[in-house]
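Chains as they are written, first to last, in the working numbering: chain H, 1 to 560; chain D, 1 to 430.
Just so you know, these hints were derived from the structure itself, not from any lab. Some clues are possibly wrong.
Pairs of lysine to any residue residues, derived as SDA-like cross-links and limited to a Cα-Cα distance of at most 20 Å, are as follows [to be verified]:
#, chain 1, residue 1, chain 2, residue 2
1, D, Lys170, H, Trp269
2, H, Lys222, D, Ala228
3, D, Lys164, H, Ser68
4, H, Lys169, H, Lys222
5, H, Lys110, D, Thr277
6, D, Lys294, H, Leu130
7, D, Lys278, H, Met394
8, D, Lys200, H, Gly527
9, D, Lys256, H, Lys532
10, H, Lys532, D, Asp178
11, H, Lys169, D, Ala228
12, D, Lys294, H, Ser263
13, D, Lys223, H, Trp269
14, D, Lys224, H, Trp269
15, D, Lys313, D, Asp276
16, D, Lys223, H, Asp69
17, H, Lys209, H, Pro237
18, D, Lys224, H, Gly401
19, D, Lys223, H, Leu130
20, H, Lys399, D, Lys224
21, D, Lys313, H, Pro431
22, D, Lys223, H, Gln319
23, D, Lys256, H, Asp65
24, D, Lys223, H, Ser141
25, H, Lys249, D, Asp165
26, D, Lys224, H, Asn257
27, D, Lys231, H, Arg140
28, D, Lys223, D, Lys294
29, D, Lys278, H, Phe393
30, D, Lys230, H, Ser68
31, D, Lys294, H, Phe325
32, D, Lys223, H, Gly178
33, D, Lys224, H, Ser263
34, D, Lys230, H, Ala128
35, D, Lys164, H, Asp69
Chain H side only, calculated, beta carbon under 10 Å to chain D, not exhaustive [what the hints assert, rightly or not]:
#, residue
36, Thr231
37, Val388
38, Thr406
39, Thr430
40, Leu485
Every value quoted in this text rests on a predicted model; they were computed, and no experiment measured them. No residue lacks a Cβ here, since even glycine has one placed at the ideal position from N, Cα and C.
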Amino acid sequence: MGAGNVPGRHPEREIDMPTFRFPSDRGALVAAARLLLILSLLLPLGLTGARAGALDDAAALFAADSFSDTAKAIDLVAGADAPHADAILEALADRRLFVSADKKLVFKDKAGAAIDALTGKKLAAEPAGLASVRINNRLRSAINNAVGQMTLQSPDAAKRHAAALAVYKSRDAASEDGLRAASRVEKDAGIKTVQQLALAAIIATAPGKPDIDRLTAIEVLKDQGDRDALTPLNLVPAEAGQGVKDAAKAAVAEINNRLALWSGVQNAWYGVSLGSVLLLAAIGLAITFGVMGIINMAHGEMVMIGAYVTFVIQEVIRQNYPGLFDYSLALAIPASFVVAGVIGIAIERLVIRHLYGRPLETLLATWGISLILQQAVRTIFGPTNREVGAPSFMSGSFKLGLLDITYGRVWIVVFALAVFLAVLALLRFTPMGLQMRAVTQNRRMAASMGIRTARIDALTFGLGSGIAGLAGVALSQIDNVSPNLGQSYIIDSFMVVVFGGVGNLWGTLVAALSLGIANKFLEPFAGAVLGKIALLVFIILFIQKRPRGLFALKGRAIES
Amino acid sequence: MTLTRRSLLASSALAIAASALPMMPALAQSGDTIKIGILHSLSGTMAISETTLKDVMLMLIEEQNKKGGLLGKKLEAVVVDPASNWPLFAEKARELITQHKVAATFGCWTSVSRKSVLPVFKELNNILFYPVQYEGEESERNVFYTGAAPNQQAIPAVDYLMSKDGGEVKRWVLAGTDYVYPRTTNKILEAYLISKGVAKEDIMINYTPFGHSDWQTIVADIKKFGSAGKKTAVVSTINGDANVPFYKELSNAGIKATDIPVVAFSVGEEELAGVDTKNLVGHLAAWNYFQSVKNPANEAFIKQWQAFTKNPKRVTNDPMEAHVIGFNMWVKAVEKAKTTDPDKVIDAIVGIEVPNLTGGVSKMLPNHHITKPVLIGEIRADGQFDTVWQTKDLVPGDAWTDYLEGSKDLEADWVNLKCGNYNTKLKKCG
Chain H
1 MGAGNVPGRH
11 PEREIDMPTF
21 RFPSDRGALV
31 AAARLLLILS
41 LLLPLGLTGA
51 RAGALDDAAA
61 LFAADSFSDT
71 AKAIDLVAGA
81 DAPHADAILE
91 ALADRRLFVS
101 ADKKLVFKDK
111 AGAAIDALTG
121 KKLAAEPAGL
131 ASVRINNRLR
141 SAINNAVGQM
151 TLQSPDAAKR
161 HAAALAVYKS
171 RDAASEDGLR
181 AASRVEKDAG
191 IKTVQQLALA
201 AIIATAPGKP
211 DIDRLTAIEV
221 LKDQGDRDAL
231 TPLNLVPAEA
241 GQGVKDAAKA
251 AVAEINNRLA
261 LWSGVQNAWY
271 GVSLGSVLLL
281 AAIGLAITFG
291 VMGIINMAHG
301 EMVMIGAYVT
311 FVIQEVIRQN
321 YPGLFDYSLA
331 LAIPASFVVA
341 GVIGIAIERL
351 VIRHLYGRPL
361 ETLLATWGIS
371 LILQQAVRTI
381 FGPTNREVGA
391 PSFMSGSFKL
401 GLLDITYGRV
411 WIVVFALAVF
421 LAVLALLRFT
431 PMGLQMRAVT
441 QNRRMAASMG
451 IRTARIDALT
461 FGLGSGIAGL
471 AGVALSQIDN
481 VSPNLGQSYI
491 IDSFMVVVFG
501 GVGNLWGTLV
511 AALSLGIANK
521 FLEPFAGAVL
531 GKIALLVFII
541 LFIQKRPRGL
551 FALKGRAIES
Chain D
1 MTLTRRSLLA
11 SSALAIAASA
21 LPMMPALAQS
31 GDTIKIGILH
41 SLSGTMAISE
51 TTLKDVMLML
61 IEEQNKKGGL
71 LGKKLEAVVV
81 DPASNWPLFA
91 EKARELITQH
101 KVAATFGCWT
111 SVSRKSVLPV
121 FKELNNILFY
131 PVQYEGEESE
141 RNVFYTGAAP
151 NQQAIPAVDY
161 LMSKDGGEVK
171 RWVLAGTDYV
181 YPRTTNKILE
191 AYLISKGVAK
201 EDIMINYTPF
211 GHSDWQTIVA
221 DIKKFGSAGK
231 KTAVVSTING
241 DANVPFYKEL
251 SNAGIKATDI
261 PVVAFSVGEE
271 ELAGVDTKNL
281 VGHLAAWNYF
291 QSVKNPANEA
301 FIKQWQAFTK
311 NPKRVTNDPM
321 EAHVIGFNMW
331 VKAVEKAKTT
341 DPDKVIDAIV
351 GIEVPNLTGG
361 VSKMLPNHHI
371 TKPVLIGEIR
381 ADGQFDTVWQ
391 TKDLVPGDAW
401 TDYLEGSKDL
411 EADWVNLKCG
421 NYNTKLKKCG
């Protein structure tokens, strides 16, 4: 009856067994009746008893709602050899495993249908009083490991991959045999690599392995050479031979050297991605401040409005068309451009146009507008952060060499460059761009050539604000969507525009990227706080030397 | 033409100002009320956290008035907005006490705002209830600290992570925002960890500016620090807005709670409202209250709060509970003293016991801190917390930590010693 799988749950039956014999005399009838009774009890058990027994015990332990009991229950389920054992554990990890009011174990599949955990059969109705089984991080690791061991040979490639990774992380020696078996039949090269790594990690760290095997394992880990390989190499047990320990030490040193080389590339990438965020925030300002010469303190609030437009669009989509969620950002791009642009035009028409030529008043007025906009958003949306989700193509990361690159950052870099090129093309190749440049270079001449300068002013300001709105879409992915969002970017934006040279878009690009990269190379040495101070000091000194920034516009028009 | 435009501008500005007005309750002048000051930022950086506390105070005062007020009088809230501006906190506190003649004030969030109003409350001899977890190292006669002291939050959290259930953490990253609360807390934690046998090279300390938004380098550093083969955890005293980009970067970088858990002291239900928590499941927070605590008192409070805010999804959090406890203690103390006179209330309130929302009874101690349970929670996919560990009994708040030179000999006792920093070695106050 597969007694190995039945812990002492039915002691009365087991104890009955040895007393069971055929008495030759008058008790024969009674004995025969007893035999029948026992057989009738045992028969169904022989078929399903092993599984149901383990799961029964597990159910009782799950119902106790204590973490140590749940840990025991996980081991029982993992050993229960039931076809749906992995489904139970996955449900537990996702908090879809419940104990009903009458102490039955039930789990729900991803669609929400209730399933009896003992039989694996769908239940017609959801039992009453379901209480979810709680877990903590220790149990979560145990579940990952158990599911990993069970699904090492799953027909689903993604599951096999996850399983191998789980074992690689847990380095649980119990999965060694399973891992070997799985690796022998594995066809997918990528998964096989992970399985080999997991095997190497186990052999390198588990007690009682021969040195020769350990050396091969260390070699495998060294060749992998990334950060994850360092952990098992650092954990080679003290009992291993001196040669093994030296090899592990050498491997750690080599991997660290390689990582140090890569850290330069990593910092450069972080710098580019920070630079692209700065660029996005600053392009709009490069137009309103750089091209038009307006000190617009409400620029950050345009970014914030762009982010809130993204939030509103995502909420609408989430509630009405959840299937379109991945496209929410694509819809938010034009919408936030239009909303921020229209608000920008309104500000220009109502306030700024009365203040042309009076920079101090403009500064104060736009500062006031920024406070009004902040408080208005706070009144409408509340002071707390709003959640803007990441579409699936923007979450997660991939490996490039030894670099971990997150998709979200890649898309922001791409988006920043696209916006930059679009603005450049707009200023260069369209009639509107031509008129904008004409008005900023010589307003009176442009006016006498028949350009309606007031209209161009409004459109230019609207364009700058609209681009700030676009920045808001991107920033909603990495920062808070709160009424204060804009404030944290306004200083940085001015810094970029002034450093790059007022009125020069290319200057803005170079300034944003170089400030981003400089910041990221300073940060590891100086820390985030000192790094930022150092950068500000550098810019102050630089502006002393070159007041017009990196790329100063030349010509008469600027002098006026 | 310009004139009409200007008047249009003026009227639109008026309209906006008018729309902001309803936030302030009418300051009706009726002689026979007891006034209560509410000193929380309603604009600026801290509005995100403090606006909620203003609302919870308004609700508590309304409830008390429904019960018939206090000493036969109605209570009246006086709301001022210090606008996240630390010196303005002191000005507004003075305004509350001298102009509005409030009987007590409930307010402040950041330690720097509390430090800014301390001299005012001392000089004008009034009462402040401070509802937020803080760095300790302080005990003032005029202030009642209803939030957690370090021994009611930071130290138990670290103890949990060192335990078997917490993952037997051996290596520690102490990450915080660069100001007084994280600096002091991390100093205490470092001394505590070293006293527990953690080597210096197994502790990494990192500070970032307020509102830091680019966490790539620091998250990569944490990953690097965590690959040394010892179980690593992050203790986060990162405050305010910087948390959201930090957690977003963590989840993007694929750091799971089972690899490197992050335990936060300033992240509660409100802060998580802005984050997609799917990838943060299992990261931890240490508080004295969670919304998810199952308890009739808590369920009633949540229902009342959601009805008051007319939002069935509004969350509750730890500093809100602190205000509930503080307000109820003050009410009891006033009833006991039969007056709102600050001196009498300060004497009457020590020893007062009121039920908290997690099923225990909190007591005001002679050092003006209270007893609280400590709860460790793990973030759930729905943005709430699962309590995974909690202290058996309530922990009395300790104003002066036992783990720092210079403060371990100090003791605060406003009943017998009449002193907030009595040196037990030198046997003198101050």
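Outcome of the hint check:
Of the pairs offered as hints, the one joining Lys170/D and Trp269/H is violated, with about 31 Å between alpha carbons and a cut-off of 20 Å exceeded. Among the hinted pairs, Lys222/H with Ala228/D is consistent with the structure: their alpha-carbon atoms are about 15 Å apart, no more than 20 Å. Distance restraint check for Lys164/D and Ser68/H: the Cα-Cα separation of roughly 10 Å lies within the 20 Å cut-off, and the hinted pair is therefore satisfied. For the hint linking Lys169/H to Lys222/H, the alpha-carbon distance of about 16 Å falls within 20 Å, and the restraint holds.
Taking the CA atoms of Lys110/H and Thr277/D, the gap is about 18 Å. The hint holds against a cut of 20 Å. Note on Lys294/D and Leu130/H: the hinted pairing holds, with a Cα-Cα distance of about 15 Å set against a maximum of 20 Å. Distance check on the hinted pair: Lys278/D and Met394/H sit about 15 Å apart at the alpha-carbon level, within 20 Å; holds. Pair hint Lys200/D plus Gly527/H holds up; C-alpha atoms about 19 Å apart against a cutoff of 20 Å.
Under the criterion of a C-alpha separation no larger than 20 Å, the hint pairing Lys256/D with Lys532/H is inconsistent with the structure, at around 29 Å. Taking the CA atoms of Lys532/H and Asp178/D, the gap is near 13 Å; set against the 20 Å cutoff, the hint holds. As the CA atoms of Lys169/H and Ala228/D are separated by approximately 13 Å, the hinted pair is consistent with the 20 Å bound. Between Lys294/D and Ser263/H, the direct Cα distance comes to roughly 48 Å. Violation of the 20 Å bound is thereby established for this hinted pair.
With a CA separation close to 17 Å, the supplied pair Lys223/D and Trp269/H stays within the 20 Å bound. Taking the CA atoms of Lys224/D and Trp269/H, the gap is near 17 Å; set against the 20 Å cutoff, the hint holds. Only pairs whose Cα atoms come within 20 Å are accepted, and Lys313/D paired with Asp276/D is accepted, the gap being roughly 16 Å. Between Lys223/D and Asp69/H the alpha-carbon distance is near 32 Å, which puts this suggested pair outside the 20 Å criterion.
Distance hint between Lys209/H and Pro237/H is fulfilled; the C-alpha atoms sit about 10 Å from each other, no more than 20 Å. Among the hinted pairs, Lys224/D with Gly401/H is consistent with the structure: their alpha-carbon atoms are about 16 Å apart, no more than 20 Å. Distance check on the hinted pair: Lys223/D and Leu130/H sit about 39 Å apart at the alpha-carbon level, beyond 20 Å; violated. Of the pairs offered as hints, the one joining Lys399/H and Lys224/D holds, with about 16 Å between alpha carbons and a cut-off of 20 Å not exceeded.
With a C-alpha separation of about 51 Å, the suggested pair Lys313/D and Pro431/H falls outside the 20 Å cut-off, and the hint is violated. Annotation: proposed proximity of Lys223/D to Gln319/H is violated, straight-line Cα distance about 37 Å (limit 20 Å). Taking the CA atoms of Lys256/D and Asp65/H, the gap is near 24 Å; set against the 20 Å cutoff, the hint is violated. Simply put, Lys223/D and Ser141/H have alpha-carbon atoms about 18 Å apart, close enough for the 20 Å limit, and the pair holds.
Distance check on the hinted pair: Lys249/H and Asp165/D sit about 31 Å apart at the alpha-carbon level, beyond 20 Å; violated. At roughly 13 Å between alpha-carbon atoms, Lys224/D and Asn257/H fall within 20 Å of each other, so this suggested pair holds. Distance hint between Lys231/D and Arg140/H is fulfilled; the C-alpha atoms sit about 15 Å from each other, no more than 20 Å. Restraint check for Lys223/D and Lys294/D: not satisfied, since their Cα atoms lie roughly 36 Å apart, outside the 20 Å limit.
A threshold of 20 Å between alpha carbons decides the hint, and for Lys278/D with Phe393/H the separation of about 16 Å falls inside it, so the pair holds. For the hint pairing Lys230/D with Ser68/H, the CA-to-CA distance comes to about 23 Å; that exceeds 20 Å, so the pair is violated. Proximity of Lys294/D to Phe325/H is assessed by CA-CA distance (about 34 Å); at most 20 Å being required, the pair is judged violated. Using a Cα cut-off of 20 Å, the hinted pair Lys223/D and Gly178/H is violated, with the two alpha carbons roughly 29 Å apart.
Proximity of Lys224/D to Ser263/H is assessed by CA-CA distance (about 11 Å); at most 20 Å being required, the pair is judged to hold. This hinted pair does not check out: Lys230/D and Ala128/H have alpha carbons roughly 44 Å apart, beyond 20 Å. Our distance criterion of 20 Å between C-alpha atoms is met by Lys164/D and Asp69/H, whose separation comes to about 14 Å. About 5 Å separates the beta-carbon of Thr231/H from the nearest beta-carbon of chain D, less than 10 Å, and the hint is met.
Of the supplied interface hints, the one on Val388/H holds, with its beta-carbon coming within about 8 Å of a beta-carbon of chain D, less than 10 Å. With its C-beta approaching chain D no nearer than about 4 Å, Thr406/H sits inside the 10 Å limit, and its interface hint holds. Residue-level restraint check for Thr430/H is violated (minimum Cβ-Cβ distance to chain D is 31 Å; threshold 10 Å). Hint status for Leu485/H relative to chain D: holds, with the closest Cβ pair at about 8 Å, below 10 Å.
In summary, the structure is inconsistent with hints 1, 9, 12, 16, 19, 21, 22, 23, 25, 28, 30, 31, 32, 34 and 39 from the numbered list given earlier, while agreeing with the others.
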